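Number of protein chains: 2
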Amino acid sequence: MPTGHKRQGSALEANRRDELLRAAARLFVEKGFDATTTRDIAEAVGMRSGSPFYHFRSKQDLLKAAMIEGLEASHQRLQAAVAGINDPERRLRVMIRNHLGILLEGDCHAPMLVYESRSLGITARTEIAAVSDRYQQDWQATLEQLAASGKLRLPAKPMRLLLFGMLNWSRQWYRPNGGLSLDEIAEAAAEMVLA
Amino acid sequence: MPTGHKRQGSALEANRRDELLRAAARLFVEKGFDATTTRDIAEAVGMRSGSPFYHFRSKQDLLKAAMIEGLEASHQRLQAAVAGINDPERRLRVMIRNHLGILLEGDCHAPMLVYESRSLGITARTEIAAVSDRYQQDWQATLEQLAASGKLRLPAKPMRLLLFGMLNWSRQWYRPNGGLSLDEIAEAAAEMVLA
DNA sequence: CCTACCGATCGGTAGG
DNA sequence: CCTACCGATCGGTAGG
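In order, the protein sequence lines correspond to chains E and F. Take any residue in the first sequence, note its place counting from 1, add 1011, and you have its number in the numbering used here. Take any residue in the second sequence, note its place counting from 1, add 1011, and you have its number in the numbering used here.
Treat the hints with care, since some could be wrong.
The calculated DSBU-like cross-link candidates involving lysine-lysine, where the alpha carbons are at most 35 Å apart (straight line), are [stated by the list, open to error]:
no. : chain 1 : residue 1 : chain 2 : residue 2
1   : E       : LYS1070   : E       : LYS1042
2   : F       : LYS1070   : E       : LYS1168
3   : E       : LYS1168   : E       : LYS1042
4   : F       : LYS1042   : E       : LYS1070
5   : F       : LYS1162   : E       : LYS1168
6   : F       : LYS1168   : E       : LYS1168
7   : E       : LYS1162   : F       : LYS1168
8   : E       : LYS1042   : F       : LYS1168
9   : E       : LYS1070   : F       : LYS1070
10  : F       : LYS1168   : F       : LYS1042
11  : F       : LYS1042   : F       : LYS1070
12  : F       : LYS1162   : E       : LYS1162
13  : E       : LYS1042   : F       : LYS1042
14  : E       : LYS1042   : F       : LYS1070
These are computed hints drawn from the structure, not numbers from a lab. Being a predicted model, the structure only gives us computed values, none of them experimental.
Kindly produce the complete structure, drawing on both the sequences and the hints.
In structure tokens form, the structure reads like this:
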């Protein structure tokens, strides 16, 4: 049953690859790209030091893949969360809460990985910018809809930039069980944005 | 004239030390702590690779000193800028514009160095947090004054956190001669904060 | 995916 | 502050 074996082998390999990506994403966000060694990543998934290079050509390739796949997963999660919500104000509130969830709950915190782009060459940075832009465009569209009906305190573009600042910077100060819950942060941010 | 020599020597040494601090601050913000080698820093001021260690015990000491002295200089610059401004709304606007200037103009960008704290031990981190807190307290006081007269859209503390997010995150997207000038960003941020 | 290993780099030091 | 150098670590590879 060689085909069977092959299929199973591929599935297992894909699993191991995903484990590496998740561990790498977590460690890169926690300690930064340079402070994370490929040995750290290998150990986090129970491999020996040389083995990650069976799945990825280089450490930079690992970062690039973690960023692209993490951002795409975040984007899909966002689109699933707003599916069917037509009122732009409600949609924005759901997007904000969803973004905070990706950022502050769970393990991967994909949007923060963008900060590590400077460790990559310009080619990879361009690819990542394209994925990131698609995520931003959903926000831009909703913000423009709100601006058109006079519900935004600023034009859509500067508003988007300042809004992402409020949300993404929360990683610097947010503590679970701290002064503010995710719902409260989301509500405060929405309050600032909407007229 | 040994005393004369000594004084001159000390002054020159202090100058070299300051040059190292400025170069280190710039490189740490640009490339990150780990990606910056002590050789990079030495070269930036025209020294040989071992010489920074005549002025600083370790690379971490260099970061710590750059952070503390950079934050204190920023704080003094802020206090000088608001000296004599009694209207809290005008004071906040000046503080915002001043913070953006420190962040986005010039060379050192001290507030961004705080992001590199994770490369230090807990003792140094605590010292730095104390300096940083003094900077934050001036903001907190002004925001509370505004909140007391109903001019703030949110309570002072969450407002301070979200405001710093808007401002500090601008380093990620701001480009000189880009779409928004520093004055425009400052105005937009103030618009979001004030009721 | 492991074992064994290499070349390069880097923080830091001794001695002047 | 320079010269000369060391020990450790790290990304990456060969060969199985």
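Taking the hints in turn, this is what the structure says about them:
no.: 1; hint: LYS1070/E to LYS1042/E; result: 15 Å, holds
no.: 2; hint: LYS1070/F to LYS1168/E; result: 40 Å, violated
no.: 3; hint: LYS1168/E to LYS1042/E; result: 32 Å, holds
no.: 4; hint: LYS1042/F to LYS1070/E; result: 17 Å, holds
no.: 5; hint: LYS1162/F to LYS1168/E; result: 25 Å, holds
no.: 6; hint: LYS1168/F to LYS1168/E; result: 26 Å, holds
no.: 7; hint: LYS1162/E to LYS1168/F; result: 25 Å, holds
no.: 8; hint: LYS1042/E to LYS1168/F; result: 28 Å, holds
no.: 9; hint: LYS1070/E to LYS1070/F; result: 24 Å, holds
no.: 10; hint: LYS1168/F to LYS1042/F; result: 32 Å, holds
no.: 11; hint: LYS1042/F to LYS1070/F; result: 15 Å, holds
no.: 12; hint: LYS1162/F to LYS1162/E; result: 20 Å, holds
no.: 13; hint: LYS1042/E to LYS1042/F; result: 15 Å, holds
no.: 14; hint: LYS1042/E to LYS1070/F; result: 17 Å, holds
Checked against the numbered hints above, the structure violates only hint 2.
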